[in-house]
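Engineer: Sequence:
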Amino acid sequence: MAHTYFKNLDVEAKKQYVSDVINRCCEVWGVSEPFEIVDEHGHRGLGHTASAMKMWISRPTMPWDFILTTALKKNISLDYLLLNVTDGNQLTDQKPAELLELIDKCVADSLFESAEFGIVEHSYISAISKKISSKIEDALTVKVHKDKAG
529 MAHTYFKNLD
539 VEAKKQYVSD
549 VINRCCEVWG
559 VSEPFEIVDE
569 HGHRGLGHTA
579 SAMKMWISRP
589 TMPWDFILTT
599 ALKKNISLDY
609 LLLNVTDGNQ
619 LTDQKPAELL
629 ELIDKCVADS
639 LFESAEFGIV
649 EHSYISAISK
659 KISSKIEDAL
669 TVKVHKDKAG
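If you read the sequence shown in our numbering, its first letter stands for residue 529, the second for the next number, and so on.
There's no promise every hint is true.
[What the hints assert, rightly or not] Quick list of in silico lysine-lysine cross-link-like pairs, BS3-like style, CA-CA up to 30 Å:
{"no.": "1", "residue 1": "K633", "residue 2": "K542"}
{"no.": "2", "residue 1": "K633", "residue 2": "K658"}
{"no.": "3", "residue 1": "K663", "residue 2": "K601"}
Please keep in mind that the hints were generated in silico from the structure rather than gathered at the bench. These numbers were taken from a predicted model, which means no experiment stands behind them.
Make a model of the complete structure from these sequences and hints.
Structural biologist: Below you can see the structure in the form of structure tokens.
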């Protein structure tokens, strides 16, 4: 048998651990039972049936997809969901401000040069620049714990 924390727990301890994790997920969603969760597409239980959810505890099986979906959709740390670590359990976006400013300047300069050569209309520069800037910002934004954001 592997020497891992979860696998070395007895069956009752595993059931309690899985139950605690599911309860923290429910707390994040603001519901008392996992099947009460309704996602943006109207799927109850994040697409899992009520019977499957009950088996997570009775078998006991860690519902990884359910946990990861909760973490991603609710911007909650896996440290909190899995280990009940409450310090900095909220995730926030961290953007590399200096890099974004530099990229914005390079994009704007390039667009203005293109306009001087007639490649692009001056009137389109602002809209094009904003669109490119937004795409780059999204690509460079990472999720971090609130207490580590700076």
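Engineer: Take the hints in turn and mark each one as holding or not.
Structural biologist: Hints, verified against the model:
1. K633 with K542: Roughly 54 Å between the alpha carbons, so the hint for K633 and K542 is violated.
2. K633 with K658: holds, 11 Å
3. K663 with K601: holds, 20 Å
Hint compliance for this structure: hint 1 alone is broken.
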